[in-house]
Amino acid sequence: MNVINAHSQGLLNSNIHGNFEFNGQYYFQDSVIGAPDVPEKFLNNSFLNLNYEYQDFYAGLRYESYRNPLLGFERDYTGSGIPFWFVRYKKDAIEVTAGNFYEQFGNGLVLRSYEDRGLGYDNAINGVRVKFTPIAGVTFKGLVGVQRNFFTVGEGIVRAADVDWNLNESIKKWKDKKTQVILGGSFVSKFQIDDDNTYILPENVANGSGRFNVLRGGWNIGGEVAYKINDPSYTNGYIYKPGSAVLLTATYSKPGFGFNFGIKRIDNMSYRSDRNAVLNSLIINYLPAMTKTHTYILASFYPYATQPNGEFGIQAETFYHIKEGKFLGGARGADLSINYSRAQSIDKQPTADPTEGYTSEFFKGGDEVYFEDFNVEFNTKIRKDLRMILTYVYLNYNKDVIEGRPGFGHVYSHIGIAEFNWKINTKRSFRTELQHLYTKQDDGSWALFLAEYSVTPHWFLAGFDEYNYGNDDEDRKFNYFNLSMGYTNKANRISVGYGRQRAGLLCVGGVCRTVPASNGFTISVTSSF
Amino acid sequence: MKKILIICLLLSANLAFAQENEKATSQSIPDVALKNLSGQSVNTSTFSNDGKPMIIDFWATWCKPCIEELNAINELYPDWKKETGVKLIAVSLDDAKTMNRVAPFVNGRNWPYEFYIDQNADFKRAMNVNMPPHTFVIDGKGNIVWQHVGFAEGNEEELFEIVKKVAAGLPLN
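So the protein lines, in turn, are chains A and B. The first sequence begins at 20 in this note's numbering and counts up by one. The second sequence begins at 1021 in this note's numbering and counts up by one.
Don't take every hint at face value.
Sample of chain B residues at the chain A side, in silico, Cβ under 10 Å [claimed, not checked]:
1. S1058
2. A1141
3. R1145
To be clear, the hints were calculated from the coordinates, so they are not data collected in a lab. Source: prediction; values computed, not measured. Ideal Cβ placement from N, Cα and C applies to all residues, glycine included.
All chains, full assembly: derive it from the sequences and hints.
Right, here's the structure in full:
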């Protein structure tokens, strides 16, 4: 009943909805921390999405403006326009999209087009896509297009197809089986003209994968295997070796307990629609890192992203709810999670013919550790109105490999964080974070203090200071002070701030970008309507 | 010329705000396919709660205020259900990197909500969400009647006031 009602409402009142975001910063030169002089003084990124729905049609567009792009975003964004628009038609078993769209097959190992505006990442496909669901549990997808590259598109063409098959939903006899099986397969091919005078470069490069998930009780075992034919590119040093990726995961959970294990092997799996593209441009696939995404400021100093040219990764994690009255459970219960992850090199033996790159024994790992993370988080209420979260993190960060700048070696750090969240009354709350990062490498140790005061439903005021007290250089023991306040009304939010930002790597949702040091006023407006 | 265009767009965004307050009741849930924790595909247009209100909450395992919000509601949820029959649908924005953490994460915390994964943010885009946490209240007829972005302790009280009004069929504001 509900569904019919909701649907008929949509028919009668077709509507425009969307969202808007504006991020601006006024910059001061601050040569001691390395914040450059910005000739424009003020830079901003903004966008507006509009979506329109009418009967079986759905259309949308995004206006984007970078005048000029904020520091840390690629300068190629400079400009404004409507790089994203689409029309979609959906009726019964068929869905057709023309224009720009985002898509992901399986885990993304062979194809994922995706956006993260906050990181300046957008590899939307411009073309057509058809989805077809002939029977429940079976979905076919097919698409052809080119990829977005800032305000233009790349020259390579992407053709792709995928099938997703849930056996239990589609086979009558399987409907009530305790074991659930989901299978899938993808095929992607890219085309780019060979304009090289010396080498014969492959113009069509195929990349395919198969995947499965088996679920029973609290268990979910899954995996995906991908294989790519020869694909010489700037990223892999123009070698002709085929690529492969293997991803296996197992999770188990029941009320109060959860467990997650993953293992993967990546071998020469960079896949772009332009073989000469660099940084985050024109990437067709996604190679997820098997690491926890940290959110505390000091714990995210040294983040990790998958090394597409070769990596062996492993992760294990457990979640446990401690009942009240039990050891560490206190009077109100507690949540405990322990996580370990590690990424290291794969075996690589050089070949006689350098254009072949290397040979690699599948089960033999390499010697070089890229990243290691062990962390424990304990979350409890020590009083009815006071929550405490304690975190310990150990990180081993191979700066040479991860940042691609040899000569630094590994950074070993121990991070301890205590957070207290005090609900003063139904309107007011106070939150504080005490963070400490200990390391002998890089810039040495840091301490951070953060305080945030909120008055619901509208206001917040927050400040934090990062202090690089452990820097070996007496003159570089800087304070990075930040103050911000904001006003929220329903889905509209405006915040202003002033502060110093240290240079570093900023990662959200597994994608990272380097942010330069800066000093200045910031303003941010977001709205959803 | 471009400046004028930006100003026009800003103005139209403002107009849209103004309209939102008057016409907020007419938006239904867009139709997007999500995965539940058993890997089955579920269309968001089938979300229903037998004529009672629903809360749709966008969150992620890497979003701290989101976890605070779901923790805060967790303690009050049995009372909320008893009083209004409300159901909370938690839509995770975790992608392939952290997606496998979602089931053990929520079960390990004993969270009682209905969970879905929006792996490539299709539902996030369709619902015009800028960033999590973003919370929507849906009335018994399936219309989006209220939304809020961000979380601080105490926001859950305001949310429940809205849910009570919606459950009783009272106008908001």
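Need the list of violated hint numbers for this structure, in ascending order.
none
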